[in-house]
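Start counting the sequence shown at 1; every next residue gets the next number (the numbering used here).
Think of the hints as simulated: they come from the structure by calculation, not from any bench.
The C-beta atom is built at its ideal place from N, Cα and C for all residues, glycine as well.
Among these hints, one or two may not hold up.
[Claimed, not checked] Now the in silico label distances, taken between C-beta atoms and shown as ranges:
#1 ARG125 with ARG66: 29 to 37 Å
#2 HIS90 with GLN127: 31 to 39 Å
#3 ALA93 with GLY71: 16 to 24 Å
#4 ARG96 with HIS63: 12 to 20 Å
#5 HIS63 with HIS97: 14 to 22 Å
#6 HIS123 with HIS63: 17 to 25 Å
#7 ALA141 with ARG96: 28 to 36 Å
#8 HIS63 with ALA93: 16 to 24 Å
#9 HIS156 with HIS63: 25 to 33 Å
#10 PRO69 with THR130: 17 to 25 Å
#11 ARG125 with HIS63: 28 to 36 Å
#12 HIS97 with ARG152: 13 to 21 Å
#13 ALA93 with GLY146: 14 to 22 Å
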Amino acid sequence: MMSILKRWAVFAAALAAFLGLTIGTAAAVAPTCGRGHHHGAVHQAKGHEHPRGDQSGARHHRHAPRDCPAGTLCAYTGDNYTGDLAWVSHSHADLRHSYVLRHVHSLYDNARYRSVTVYTRSHYRGQTLTLRPGTGVRHLAAHNHGHIKSVRWHRHHR
């Protein structure tokens, strides 16, 4: 018989996949906010460390952070791709209720042919930062970000 925790994890993964948020291990699912918006779970990447460097801008890296799935934007609560991790694979106009996306310190675009723009306000407004495929930012304070409230993907033209 499937335990209640396993059922909850399966439900959370299905809901997150439906919303375009990909998760690894579902720890919790945020309830709807009363306006019919559903919010996905956050994958916790405990103890994740990535080689440090003093790069502060968007840079191409030889390889993606270890826990960042292909085809996604990975957001970390720590500098240098450390801390809790959330990843997004589709455009979203309103991500205000994601804990990790409210406390972002580093980002990586692990999509092969898509650039991604992150916005500090919902519905694609506010300050923006665009990452090309295979690039990341190890410390977002240099870009005056930290709160990602919407994400838009673009086809990257070489």
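Violating hint indices (sorted, rising): Result: hints 2, 4, 5, 6, 7, 8, 9 break, sorted rising.
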